[in-house]
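Protein sequence lines, in the order shown, are assigned to chains A and B.
Sequential numbering from 56 applies to the first sequence in this note's numbering.
Sequential numbering from 9 applies to the second sequence in this note's numbering.
Incorrect hints may appear among the rest.
Here are the simulated DSSO-like pairs of lysine-lysine, each with C-alpha atoms no more than 27 Å apart in a straight line [claimed, not checked]: (1) K84/A <-> K278/A; (2) K284/A <-> K205/A; (3) K82/B <-> K278/A; (4) K278/A <-> K205/A; (5) K84/A <-> K244/A; (6) K82/B <-> K84/A.
Keep in mind the hints are simulated off the structure, nothing from the lab.
No experiment lies behind these values; they were computed from the predicted model shown.
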Amino acid sequence: MLPPRFDYAAPTSISEAVGLLRTNGEGAKVIAGGQSLIPLLKLRLASPAVLVDIGRIPGLEYISESQGFLSIGALTRMADVVGSDLLRRRYPIIHDAATVIADPLVRNMGTVGGNIAHGDPANDLPAVMLALDAEFVVEGPSGRRTVRAKDFFVDTFTVALNLAEILTEVRVPRSASRSGGAYLKVEQKVADFATAGAAVFLHVGPRGECEGAGIGLTNVGPKAVEATKAAESLTGQKLTHGEALRRAATLAAEASDPLSDIRGTAEYKRNLVKRLVVDGLRLAYGRSQRGGAK
Amino acid sequence: MARTEHITLSVNGEEREAVVEPRLLLVHYLRENLGLTGTHSGCDTTNCGACTVLMDGRAVKSCTILAVQADGRKVETVEGLAHEGRLHPVQEAFLAEHGLQCGFCTSGMLMSSYALLASNPHPSEDEIRTSISGNLCRCTGYVQIIRSVRRASRLMERHRPKEPSTIPDSSRR
Numbered sequence: 056m057l058p059p060r061f062d063y064a065a066p067t068s069i070s071e072a073v074g075l076l077r078t079n080g081e082g083a084k085v086i087a088g089g090q091s092l093i094p095l096l097k098l099r100l101a102s103p104a105v106l107v108d109i110g111r112i113p114g115l116e117y118i119s120e121s122q123g124f125l126s127i128g129a130l131t132r133m134a135d136v137v138g139s140d141l142l143r144r145r146y147p148i149i150h151d152a153a154t155v156i157a158d159p160l161v162r163n164m165g166t167v168g169g170n171i172a173h174g175d176p177a178n179d180l181p182a183v184m185l186a187l188d189a190e191f192v193v194e195g196p197s198g199r200r201t202v203r204a205k206d207f208f209v210d211t212f213t214v215a216l217n218l219a220e221i222l223t224e225v226r227v228p229r230s231a232s233r234s235g236g237a238y239l240k241v242e243q244k245v246a247d248f249a250t251a252g253a254a255v256f257l258h259v260g261p262r263g264e265c266e267g268a269g270i271g272l273t274n275v276g277p278k279a280v281e282a283t284k285a286a287e288s289l290t291g292q293k294l295t296h297g298e299a300l301r302r303a304a305t306l307a308a309e310a311s312d313p314l315s316d317i318r319g320t321a322e323y324k325r326n327l328v329k330r331l332v333v334d335g336l337r338l339a340y341g342r343s344q345r346g347g348a349k
Numbered sequence: 009m010a011r012t013e014h015i016t017l018s019v020n021g022e023e024r025e026a027v028v029e030p031r032l033l034l035v036h037y038l039r040e041n042l043g044l045t046g047t048h049s050g051c052d053t054t055n056c057g058a059c060t061v062l063m064d065g066r067a068v069k070s071c072t073i074l075a076v077q078a079d080g081r082k083v084e085t086v087e088g089l090a091h092e093g094r095l096h097p098v099q100e101a102f103l104a105e106h107g108l109q110c111g112f113c114t115s116g117m118l119m120s121s122y123a124l125l126a127s128n129p130h131p132s133e134d135e136i137r138t139s140i141s142g143n144l145c146r147c148t149g150y151v152q153i154i155r156s157v158r159r160a161s162r163l164m165e166r167h168r169p170k171e172p173s174t175i176p177d178s179s180r181r
């Protein structure tokens with residue numbers, strides 16, 4: 056399968072890339088690792104006039120922790136997320152997700168920014184970003200702005216990027232003591248998209264009660280699902296209390312809107328969400344009690 | 009008609025230059041422009057890994073990379089493994105352990121295994137399984153492939169230059 060014809064540009068700075076995107080308007084498309092876009096091009100589901108390859112812009116591959124937050128550069132490869140000791144120790148929810156994204160070969164090319172900006176409800180990082188209440192740094196013709204994950208995912212393959220804007224960095228609130236997260240995914244085979252996935256993040260009080268939670272779901276709706284009511288139902292609840300976990304899981308399943316397809320019926324997927332949320336909450340709570348690890 | 013692009017890259021240590029359409033896939037560039045047909049085009053949908061090559065040392069699926077993305081980079085294919093007529097230890101090991109039957113997946117398996125052993129000379133079975141999880145084999149059931157990678161690890165250990173030692177050469181077998 057050959058992609059359709061397109062022109063190609065490989066800018067070496069963000070401002071150059073933004074300029075190219077602006078000049079070429081709606082016909083231009085950003086390519087980073089290309090692991091989502093190239094299959095779409097081959098299937099002719101996308102046929103941009105110009106590909107703007109941001110993969111050669113230096114300085115966008117990094118994982119670093121500062122006072123306020125964890126920063127991940129948009130071009131950071133998924134393989135480097137998997138290999139990051141910092142993420143494995145302090146942000147295991149991100150490590151969990153990265154290890155189940157596609158396969159090691161795809162992870163060697165695929166980028167964090169691409170996984171998020173593609174807007175595919177089947178991608179794993181969007182749910183994680185919702186659970187973590189992350190924000191994204193976006194650069195475009197009118198400068199730099201940040202967008203919360205909550206406001207970023209608009210619809211299937213549609214995100215809150217304006218014309219000629221590029222996602223350049225992911226920011227996650229810094230890992231705090233007594234917080235914990237987890238990402239669980241059921242897939243039919245290695246490298247498949249999720250039948251369903253659940254990202255869970257908890258802030259836990261000194262007596263084991265929930266002080267705040269975030270829950271995101273993968274591939275059970277037209278976009279990554281934020282299960283707000285489920286997360287809110289946990290506030291003040293003891294996280295060792297099975298009934299509270301099951302109630303949150305039921306609310307999460309109600310927030311999901313899966314379709315029946317080759318991976319299972321909608322009913323099966325809702326049940327899967329319940330199970331993944333309960334298991335995820337238990338794992339996240341356990342991690343919160345180990346201190347410092349999300 | 010889209011513009012063409014001029015690319016320069018290293019393939020198995022040799023500098024190559026080409027003028028290509030931006031839509032040309034790396035696998036097609038290797039097979040059709042360079043005649044390096046050891047890299048197979050299998051599923052063409054990023055699933056099977058028969059097209060695995062190394063780009064700047066990382067194992068990647070060449071059916072899901074544009075040739076223009078390889079501009080300025082170092083590409084290694086299965087043809088680059090053997091050296092002066094001698095098979096690479098990874099190839100020797102696949103031969104000895106029957107790590108293949110039909111052979112279609114083999115060049116991809118070899119390249120994923122080669123990349124693994126370059127970064128992790130003594131992988132556990134779990135690490136081997138994970139690192140070939142993007143490569144499908146429909147013949148062997150993977151058991152012999154895993155044995156092959158373990159044997160390759162031992163062979164490469166034997167071939168690896170040792171730390172300078174005070175033991176005279178004659179004491180080695």
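Outcome of the hint check:
Between K84/A and K278/A the CA atoms are separated by roughly 20 Å; this keeps the pair inside 27 Å, and the hint holds. Distance restraint check for K284/A and K205/A: the Cα-Cα separation of roughly 14 Å lies within the 27 Å cut-off, and the hinted pair is therefore satisfied. The hinted pair formed by K82/B and K278/A fails the criterion: a straight-line CA distance of about 38 Å is larger than 27 Å. With a C-alpha separation of about 11 Å, the suggested pairing of K278/A with K205/A holds against the 27 Å cut-off.
A C-alpha spacing of about 31 Å is found between K84/A and K244/A, which places the hinted pair above 27 Å, so the restraint is violated. Pair hint K82/B plus K84/A holds up; C-alpha atoms about 26 Å apart against a cutoff of 27 Å.
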